Amino acid sequence: DAGVTQSPTHLIKTRGQQVTLRCSPKSGHDTVSWYQQALGQGPQFIFQYYEEEERQRGNFPDRFSGHQFPNYSSELNVNALLLGDSALYLCASSPRDRGRGETQYFGPGTRLLVL
Amino acid sequence: GNSVTQMEGPVTLSEEAFLTINCTYTATGYPSLFWYVQYPGEGLQLLLKATKADDKGSNKGFEATYRKETTSFHLEKGSVQVSDSAVYFCALLPWAGSYQLTFGKGTKLSVIP
Chain A
88 DAGVTQSPTH LIKTRGQQVT LRCSPKSGHD TVSWYQQALG QGPQFIFQYY EEEERQRGNF
148 PDRFSGHQFP NYSSELNVNA LLLGDSALYL CASSPRDRGR GETQYFGPGT RLLVL
Chain B
153 GNSVTQMEGP VTLSEEAFLT INCTYTATGY PSLFWYVQYP GEGLQLLLKA TKADDKGSNK
213 GFEATYRKET TSFHLEKGSV QVSDSAVYFC ALLPWAGSYQ LTFGKGTKLS VIP
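Protein chains in written order, with my numbering: chain A, 88 to 202; chain B, 153 to 265.
Next comes chain A alone, as it looks inside the complex:
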């Protein structure tokens, strides 16, 4: 049973560029969340996608956007990259919500370096 997968594993961009990160959820999961983890910090919630729509968003600017596809995979897009966007980007998937939040399972992450 494949877990959560993310691509690419590493990425280097320059300021002002745009980046797209990809995530495939664990089999049987239909909900995808994205987190940003700066060096030495805990992950910070960016947003969650469910039924191809953004269900909840954290305190991140509009430069961060996402998408969920019919097969439940997801993309995270970041526009106009800043040096401060350098971080590990984690995708987490969870099964269908049964009335309260379900356990989230994380992928290995994509490490983004902005120069």
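Hints are computed from structural coordinates only; laboratory data are not their basis. Note that the structure is a prediction, hence the values are computed from the model and not measured. Cβ atoms here follow ideal geometry from the backbone N, Cα and C, with glycine treated the same way. Some clues are possibly wrong.
Derived contacts from chain B toward chain A, CB cut-off under 8 Å, selection only [stated by the list, open to error]:
#1 Gln-252
#2 Gly-256
#3 Gly-258
#4 Ser-262
Reference listing, derived: stretches of chain A covered by chain B, where coverage requires no fewer than 3 residues with Cβ under 8 Å from a Cβ of chain B [as the list claims (entries may be wrong)]:
#5 122-133
#6 141-151
#7 162-172
Mind docking chain B on chain A? Use the hints.
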């Protein structure tokens, strides 16, 4: 708002020592509580969880008990191994109204032979 506070690291222990990492939380209602572990260069792995008061989560020799009265979820292990060296994160998921995991800042554990 929701928040998690965990003990500052780093923590260095000798192999076979007893481990405690403290975690306290602030949240309304009855959140679910989690411990995640992050090995060097990797993503987060779920270590254990508890979804209601007095529940004990356990996995790989690690344990944590959901204490509503003290709003705590301390992680313990009786005998640590070198392979337990990692960063440990305590996190909460609210009872309702939010799907956002809130994490503590993490505690780095180093176990020396």
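- request: Report holds or violated for chain B covering the stretch 162-172 of chain A, Cβ cut-off 8 Å, minimum 3 residues.
  value: With 0 residues close enough to chain B, the hint is violated.
- prompt: Counting residues of the stretch 122-133 of chain A whose CB is closer than 8 Å to a CB in chain B, do you get three or more?
  reply: holds (count 7)
query: Holds or violated: Gly-258 (chain B) as interface residue toward chain A, Cβ cutoff 8 Å?
result: holds, 5 Å
field: Interface hint outcome for Gly-256 (chain B) [beta carbon to chain A under 8 Å]
entry: With Cβ-Cβ at 6 Å, under 8 Å, it holds.
query: Do three or more residues of the stretch 141-151 of chain A come closer than 8 Å to chain B, measuring C-beta to C-beta?
result: As far as the stretch 141-151 of chain A goes, the hint holds, because 3 residues have Cβ atoms under 8 Å from chain B.
- prompt: Close enough to count: is the Cβ of Ser-262 (chain B) nearer than 8 Å to one in chain A?
  reply: violated, 15 Å
query: How about Gln-252 (chain B): closest beta carbon in chain A under 8 Å, or not?
result: holds, 4 Å
The structure shown violates the earlier hints numbered 4, 7.
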